[in-house]
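*Asks:* Here's the letter readout for the chains.
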Amino acid sequence: MSTSTPLDEKTLAELHEIAARYPEKRSGLLPMLHLVQSVQGRVTPEGIEACAEILGLSAADVSGVATFYTMYKRHAVGDYHVGVCTNTLCAVMGGDEIFARLKDHLDVGNDETTEDGKITLEHVECNAACDYAPVVMVNWEFMDNMTPESAVAMVDDLRAGNEVRSTRGPRVCTWREAERVLAGFPDGRADEGPCRRSGQPGRAAGRA
Amino acid sequence: MSGAPTLTPVLTDMWDVDRSWTLAAYEAKGGYRALDRAFAMAPDDVIAAVKDSGLRGRGGAGFPTGMKWSFIPQDNPKPKYLVVNADESEPGTCKDIPLMMGNPHVLVEGVIISSYAIRAHKAFIYIRGEVLHVIRRVQAAVEEAYAAGHLGKDIHGSGYDLDVVVHAGAGAYICGEETALLEGLEGRRGQPRLRPPFPAVAGLYASPTVINNVESIASVPSIVGNGADWFASMGTEKSKGFGIFSLSGHVTRPGQYEAPLGVTLRELLDLAGGVRKGHELKFWTPGGSSTPLLTAEHLDIPLDFEAVGAAGSMLGTRALQVFDETVCVVRAVLRWTEFYKHESCGKCTPCREGTWWLVQVLTRLERGEGTEADLDLLLDQCENILGRAFCALGDGATSPITSSIQYFRDEYLAHLTNGGCPFDPARSTAWAGEEVMA
Ligand SMILES: Cc1cc2nc3c(=O)[nH]c(=O)nc-3n(C[C@H](O)[C@H](O)[C@H](O)COP(=O)(O)O)c2cc1C
Ligand code: SF4
Ligand code: FES
Chain C
74 MSTSTPLDEK TLAELHEIAA RYPEKRSGLL PMLHLVQSVQ GRVTPEGIEA CAEILGLSAA
134 DVSGVATFYT MYKRHAVGDY HVGVCTNTLC AVMGGDEIFA RLKDHLDVGN DETTEDGKIT
194 LEHVECNAAC DYAPVVMVNW EFMDNMTPES AVAMVDDLRA GNEVRSTRGP RVCTWREAER
254 VLAGFPDGRA DEGPCRRSGQ PGRAAGRA
Chain G
3 MSGAPTLTPV LTDMWDVDRS WTLAAYEAKG GYRALDRAFA MAPDDVIAAV KDSGLRGRGG
63 AGFPTGMKWS FIPQDNPKPK YLVVNADESE PGTCKDIPLM MGNPHVLVEG VIISSYAIRA
123 HKAFIYIRGE VLHVIRRVQA AVEEAYAAGH LGKDIHGSGY DLDVVVHAGA GAYICGEETA
183 LLEGLEGRRG QPRLRPPFPA VAGLYASPTV INNVESIASV PSIVGNGADW FASMGTEKSK
243 GFGIFSLSGH VTRPGQYEAP LGVTLRELLD LAGGVRKGHE LKFWTPGGSS TPLLTAEHLD
303 IPLDFEAVGA AGSMLGTRAL QVFDETVCVV RAVLRWTEFY KHESCGKCTP CREGTWWLVQ
363 VLTRLERGEG TEADLDLLLD QCENILGRAF CALGDGATSP ITSSIQYFRD EYLAHLTNGG
423 CPFDPARSTA WAGEEVMA
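Chains C and G are the protein sequences, given in the same order. Position one of the first sequence corresponds to residue 74 (this note's numbering), numbered consecutively onward. Position one of the second sequence corresponds to residue 3 (this note's numbering), numbered consecutively onward.
Chain G extracted, bound-state conformation (with noise of 0.2 Å):
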């Protein structure tokens, strides 16, 4: 492997600059002009552009963006509509929210030249409601967009119209799969829905609806303002481009690393300074707890989706959470489990029953109370969720149980010779020794 991989700084770019939020530091930043270059082509061309970019969805699944938004169909009579996906909830996910925070106005930006590209006329961005000073952020870009013409009627002089509403959410994991957050923004329980029909077809109020994550939206401006090719150029075969991967945990800097696909967690961790001082990676997320555990193995597989998927697990939303050698595997797997139960939202059996389950079993597996039969008994639990849950939070429940108990069976085991938990939970915190930080 090579040394530090060169870091790509787009959306993150701005960050750092004086009052980076404001439209003015936008604009100074060249804001706003890929809309005129994308007024200057027609709706469909500035979807093949993003076709051609390769760019997929950066809220986990990694749908093709510009499929995505062909499968609106142009015919149909209704309305069309676009919802940003801004529920980031996902345990270890924080891009989305820093983004917004830093540079709301390249979301305002991607917002209206993907409305333009799938011909809708009213877009919602969807917040999470528990981070106040990313809303206020967002709201007042809204703002001063509208002030500077960059929103409501005839944009830019182009004849299109577009309004944008900021939507705050009121906690719900749930809500951040995209037909959960559909119901939200109906006003009703966040609950999904059956599909098909798929949002494409019909979504907020039976419509024609493009949801998308913050990022996979804000990546647009870039990719009309400097071509498909240039996108193209960077990631590797089938994960074109740069994403935010963001380190946290054990870890010497932790933050935001935008990088192109394909990184590998070695070369971010040369970036962060390693692993915190005096210790060892153990266990890591790829792309948050409903991706499958990973190890110190798995250093060098390229981040993308066909490399982290052919590992056994999914790049997710490249949230890297970084557990050292101080830490219970079996604490951890408990605690997410804890939160698959508290969020699953009632709907289906297998998930509303079997996370209930999944953490009575845990519990005693972590108090050293268990058989070893109950490890089998886990297992068999995860494997009648998988699969059979009605959306991807159950299946996303079992992805930490099956990969810690893959990995780390004798960490288990440790608990019920031991008679409970064999570690210290005061040596995992950041306070703890000589890695307090400075």
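Excised from the complex, chain C in its bound form (with noise of 0.2 Å):
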């Protein structure tokens, strides 16, 4: 069991913001536990309480909602979270051929943490990026058009602490600070990158 610290006071006060975002306070739920996951890595028992004190509701009712989504972990995720899409599209594509090698790279199995504590490897659903597969995401950013090589190549950056840009152009962030972003506090960075993979010949945006 990985113990966590109670939540600091900044961070009290930012639920208690986003839950003031709507007419009903409950519907921050949501982004709140994404708020509790950039402090603390994952959803904590903390986290947890407080956000059932904020909203009125018991731990149990928070610890329902959190336990159905699948963006809410219960274990620590590394400072890279890798979901390689092997839905049907992807997977025959190549994206099967992509998670098998990233898990023996790696040498850990489906939803584990590199032992270094920075990669967290984890199979995921259909990713809406299909006209690039096979696709991975890192921190819930686009990896288009991905070989087994080249996935290799990105997690072995990520773990040296090299810069990786998604393929659509902006700098990958930690999970933590993508969690942020999701709880409704922007980063500033909207404006990196282009909107598609560059250096597609063909790649139509409904023209001939």
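Honestly, the hints are just simulated from the structure, not real lab data. In this text, a Cβ means the ideal position worked out from N, Cα and C, and glycines have one as well. Be a bit skeptical, because a hint or two may be false.
[Unchecked claim] Examples of chain C residues lying across from chain G (beta carbon under 8 Å, computed):
1. E97
2. L102
3. H107
4. G137
5. V138
6. M144
7. N160
8. V181
9. G182
10. H196
11. C199
12. P259
Put the two chains together into one complex, using the hints given.
*Replies:* Structure (structure tokens):
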């Protein structure tokens, strides 16, 4: 069991701030849990208690919600969450092979974290990027048209601390930083990158 | 069939523009001008225009958008809400995400006009959580719109107020189902609600609520700006306008092709350079994995709601996943079925238990361990789910199975005689043999 510390004042204030965005505060629960993950690296008992208290719910209620959604993690996630799409289209286009290669290369199973705490590997469902199959998500940024070799090189770069960019432009941040954006606290990086993968001739955007 | 059809880049028109996602780029292309046109109209007239355009929901079911808006009881004293469904998770569907990445402002403008029409003062954009940069872009677009006076109080001096909240989901395909989405947005487990009451009467916080797909809402500014007739002049008799067709898989140039409804897969493939070199079409989905598979014999079916329905499938989300002859249909179907099992919310027994059993039997067959009777067992199980499940997820789970048995029964049997899968998965990959992409 990993332990965690109680949430600090700033985080508690931000949890209240999220709840206040909505006509009924319970609507804030999903983003609030994202914020908990950004601060504590997973959904902790302390985080559940804090959300429950702010929303006037029982901890069991909050737990029931947290366990329903796949993005909420019970155990600590590494700095980089690497999600290999293995839904049918990506699987067929090579996602299965990429996932197998990464498991082998990182020496982890599905939903496990490397010993250095850097990378959590998971297979994910269709991420709405099928036209760039096979796709790998890193902290929910797109890595398009991957191969086993490019996926291995990417995780090696992540572990070595080299800058890694999504094939659509933005620099990959840490998993916790990403969770903070999902909680509704922008990081000011919306302008990074173009909007589609560059250097892909004929990648049609409605043009002949 | 004539050659290549004319594409109709409207929503995708901006994507190649430098910094296309910014307010400046959108306004330079005439963005936010439809808003003034809408404000010059009575809200009911905006609804009438959307009705007249013939726009039907782009989230899969094709319900007429203007009619949906007119169901909002305006004499109900409760606040009205607009909720944009940006959960895009149906396997194969990949249009809303690039749309929000490349042109988030067209969605924001659509949200404002649509909210004005239904007299909502608060709107929510519910985006699946697994798309960080898309969420950044939409957050930034909303911020920019506030700063420019397109959102907030007294928008453009019209006296109309609107606030928009961008809300990130947390991973659950079922939250694309509109009532499950509302549960998620209310901070609960995303399980569908019993209908009636329909969301138009009792939706978010039991208040009148319109839920529309991203592409539906994003189509509204062009309808208001160019007129209902302009929109209705495209498409087919009952499926008006244009839509984004997403080509993926074994296609030379996969991508997003915006075309009038009624275009055919053959025409789209012509534009996309055809099936990858040296291979031929085996099967495809017209609108995501929940729509029954089609084959090469369906290449000339007009992709509109009516014709695809008449061919035994559904237009769905125009997610055209193309598979060539190297792909084992049993493998493909098993993987989709595992997806439905994983995503079943557990609320009703036919789907929760049924999808589990489907995976069991399919796994057996795929390994070549079953018997021919297992095919009938599968069809029987599908029959017990279809129409008996609480929501359309359960129904959708049966589509790939029944359609693949219809068209490829022999291939299932080949697994039995072969003692396993007769295909080599390495041949299907993007980097297989001569098909290696440049
Ligand atoms: C399991 C399931 C998943 C769905 N996922 C989506 C989705 O991701 N996006 C979407 O717009 N509609 C989705 N729908 C359809 C919605 O329930 C609803 O019909 C749609 O959002 C209405 O918008 P429209 O009329 O503009 O199409 C889904 C339906 C089901 C049953
Ligand atoms: S059909 Fe499946 S997803 Fe829909 S309510 Fe039943 S269990 Fe939930
Ligand atoms: S199947 Fe992998 S992104 Fe759609």
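*Asks:* Determine for every hint whether it applies to the structure shown.
*Replies:* Going down the list of hints, with the structure as the test:
no. : hint : in the structure
1   : E97  : 6 Å, holds
2   : L102 : 3 Å, holds
3   : H107 : 6 Å, holds
4   : G137 : 6 Å, holds
5   : V138 : 6 Å, holds
6   : M144 : 4 Å, holds
7   : N160 : 5 Å, holds
8   : V181 : 20 Å, violated
9   : G182 : 17 Å, violated
10  : H196 : 10 Å, violated
11  : C199 : 4 Å, holds
12  : P259 : 5 Å, holds
Comparing the model with each numbered hint stated earlier shows that hints 8, 9 and 10 do not hold.
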